[in-house]
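Novice: Protein chains in written order, with my numbering: chain A, 1 to 115; chain B, 1 to 115.
Watch out, some of these pointers could steer you wrong.
In this list, chains with the same sequence are indistinguishable; a pair is considered to hold if it fits within one copy or across any two.
In silico BS3-like pairs for lysine-lysine, Cα to Cα no more than 25 Å straight-line [unchecked claim]:
(1) LYS114 to LYS88
(2) LYS73 to LYS88
(3) LYS97 to LYS73
(4) LYS100 to LYS73
(5) LYS31 to LYS97
Keep in mind the hints are simulated off the structure, nothing from the lab.
Here is what each chain is made of, one letter per residue.
There are 2 protein chains.
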Amino acid sequence: MSDDVPQEISEGVTKITDTKSDNHTVFVGPKPFMNYVTGVVMQFTTQSANEVVVKARGRFISRAVDIVEVATKRFLEGQIEIARDGIKVGSEEFENKEGKQVRVSYIELSLIRKN
Amino acid sequence: MSDDVPQEISEGVTKITDTKSDNHTVFVGPKPFMNYVTGVVMQFTTQSANEVVVKARGRFISRAVDIVEVATKRFLEGQIEIARDGIKVGSEEFENKEGKQVRVSYIELSLIRKN
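My request is simple: use the sequences and hints to build the entire structure.
Specialist: Pasting the structure below:
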């Protein structure tokens, strides 16, 4: 189930969510782990974001949690946290290349500045 | 990071959380996917649980989300849901076999009966 997410769908989601200009989103995929951690940290530090949403699908869900933990516990410890009600999980059904209905799970983790 | 969870630690967690007699917990590991889905469903149906917590560490986090989605959207659709504030993520540091400090992420998803 998890390995069945076509890349074009992941990219589609990123594009849709990025149309909101105030929306700081990091979409987790197969690039090196630290790319995503840096992406999150930089949005808070150099881009002055107040909220950064880390999204992932399928097998990248575990990675998204790792990235959030490293960002909050190591790089920006004491400065950012997971928002209250800031974790959502869900799933979407779509048709894969073989015409089969498959369900893919996703996670969204919302990080905010600590007061 | 994700693949560094020794099995004995995963099992330890299950044992600790299961000491509370009213606690229905499913700890996700490498067994066949449907074992865990059945585990969740059975606790609601044959064991009359009001809450079942699905826990996972490291790379099994993605699986835990898949299991919760299949249980809520397919097997017990309309009957159970993720509790409000029912998703927790976090991480723990521990020393691995080589004496190195490693951090492992975890997720806990709390499922309840729908009203």
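Novice: Report the numbers of all earlier hints that the structure fails to satisfy, in ascending order.
Specialist: Going through the list in order, the structure violates no hint and respects every one.
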